[in-house]
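There are 2 protein chains.
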Amino acid sequence: RTLARMATELRCQCIATHSKFIPPRSIQDVKLIQSGPHCKNIEVIATLKDGKEVCLDPTAPWVQRIINAILAK
Amino acid sequence: RTLARMATELRCQCIATHSKFIPPRSIQDVKLIQSGPHCKNIEVIATLKDGKEVCLDPTAPWVQRIINAILAK
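Protein chains in written order, with this note's numbering: chain A, 1 to 73; chain B, 1 to 73.
Pulled out of the complex, with its shape left as it was, chain A reads as follows (with noise of 0.2 Å):
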């Protein structure tokens, strides 16, 4: 599964970044993804409760702070 995924992620995940604050009690889980090879950004993509896949600004101070949230409960 790993592999598979890894395959079809050769690019960047994320063409534009949601704006709004998300409330972190509707966020399921949240991926970091490292810049590299295959993406000169970093990518951060929540997974909603509702199951809606959104990205989301790695820099923006609030995003910063929902997955300190998130990691502090």
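Worth double-checking, as some hints may not be accurate.
Chain copies aren't distinguished; within one or between two, either way the pair holds.
[Said to hold, decoys possible] No more than 30 Å apart at the CA atoms, straight line, and that leaves these computed lysine-lysine pairs for DSSO-like: (1) Lys73 to Lys49; (2) Lys20 to Lys52; (3) Lys31 to Lys20; (4) Lys73 to Lys20; (5) Lys20 to Lys40; (6) Lys52 to Lys73.
None of these hints come from the bench; they were simulated from the model. For clarity, every value in this text was computed on a predicted model and none was experimentally measured.
Given chain A, work out where chain B should sit, using these hints.
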């Protein structure tokens, strides 16, 4: 894809956490999974550049530091 993945993850993903420091440069991505009905723990799963997946302790200071290091790049 999202629904298929959610259906397979209705339980905790981690049975133990990796206790030794992992340098951020060897990490490809990090997934933070909120606690919920499927699992009472917050789970942090890092995918390393060699494809291995390791569970990390969300309360370990070094884990919080590498997450913030990825975001701050």
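Self-check item: Intra/inter-copy verdict for Lys20 and Lys40 if alpha-carbon distance must be at most 30 Å
Solution: Cα proximity of Lys20 and Lys40: in one copy and across copies (23 Å, 28 Å).
Quiz item: How would you label the pair Lys73, Lys20 (within, between, both, or neither) given a Cα cut-off of 30 Å?
Solution: Both. Shortest intra-copy (22 Å) and inter-copy (22 Å) distances satisfy the 30 Å Cα cut-off.
Quiz item: How would you classify Lys52 and Lys73 at a CA-CA limit of 30 Å: within, between, both, or neither?
Solution: Both ways: Lys52 and Lys73 sit 23 Å apart in one copy and 26 Å across, limit 30 Å.
Quiz item: What label fits Lys73 with Lys49 when the C-alpha limit is 30 Å: within, between, both, or neither?
Solution: both (17 Å within a copy, 28 Å between copies)
Quiz item: How would you classify Lys20 and Lys52 at a CA-CA limit of 30 Å: within, between, both, or neither?
Solution: within (15 Å within a copy, 34 Å between copies)
Self-check item: Alpha-carbon proximity context of Lys31 and Lys20, limit 30 Å
Solution: Classified as both: same-chain Cα gap 18 Å, cross-chain 21 Å, threshold 30 Å.
Hint compliance for this structure: no hint is broken.
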